[in-house]
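The sequence shown begins at 1 in the working numbering and counts up one residue at a time.
Think of the hints as simulated: they come from the structure by calculation, not from any bench. Mixed in with the good hints, there may be bad ones.
[Said to hold, decoys possible] So the derived label-pair ranges between C-beta atoms look like this:
no.: 1; residue 1: W133; residue 2: T186; range: 18 to 28 angstroms
no.: 2; residue 1: V42; residue 2: K190; range: 48 to 58 angstroms
no.: 3; residue 1: F103; residue 2: R129; range: 33 to 43 angstroms
no.: 4; residue 1: G95; residue 2: K124; range: 36 to 46 angstroms
no.: 5; residue 1: K68; residue 2: N93; range: 33 to 43 angstroms
no.: 6; residue 1: K190; residue 2: P37; range: 42 to 52 angstroms
no.: 7; residue 1: A99; residue 2: K190; range: 47 to 57 angstroms
[As the list claims (entries may be wrong)] Straight-line Cα separation of at most 25 angstroms, PhoX-like style, residue types lysine-lysine; simulated pairs:
no.: 8; residue 1: K68; residue 2: K189
no.: 9; residue 1: K14; residue 2: K68
no.: 10; residue 1: K35; residue 2: K124
no.: 11; residue 1: K14; residue 2: K189
no.: 12; residue 1: K35; residue 2: K189
no.: 13; residue 1: K68; residue 2: K124
no.: 14; residue 1: K190; residue 2: K35
no.: 15; residue 1: K190; residue 2: K124
no.: 16; residue 1: K124; residue 2: K189
Beta carbons: idealized from backbone N, C-alpha and C, even for Gly.
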Amino acid sequence: MEKQLFKNIKNAVKHWYLSLIVGVLFLLFGFWILKTPLESYVTLALLFGVVFLVNGIFEIIFSISNRKEIDNWGWILAGGIIDLLFGIVLASNVGLSMAVLPFYVGFMLLFRSVAAIGYAFDLKGFGIRDWYWLLLLGILGLLFSFIMIWNPVFGGMTIIIWTALAFITYGIFRIILAFKLRRLHTFSKKHFED
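Hey, can you work out the whole structure from these sequences and the hints?
Pasting the structure below:
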């Protein structure tokens, strides 16, 4: 039976570390937001643009380099392109970014959280232990994204705190996912050598 996440475990996720890099970036950015909540919202909007832009580039590279191994690699590519475009919009039009930032972040985290839940079940199908932590983080990401979408006018501080928590949650998910993918990659190299 062909798995949803991987076509061929032997060649699975050659570039697992890209997920680690993305996770660390989201985690660091989330903690930065919590540490400096009174920083200018303009700076926050600009930095969001940079984070989405960098994440988009890494996701595009990851999806293209693994297109033969991952069944629905197009979804990862689409997410990367969307992140890249949002990053360009956020970085180039700070006034607009400040007005709609909670919606951007909420919908992007909604998209990523749904994908995270799918990844968790795919890893469960491979017999990876502790897959349920990834499921839990995906569900938490969904909750944070719904809060941001449905009630973006919490006020500057509340939006910043929820945004930080959402980024930290997604960052932790990507870091854990990277090590699970690394384990799969290492297993495939040991057991399926040519």
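key: List of violated hint numbers, smallest to largest   = 10, 12 and 14
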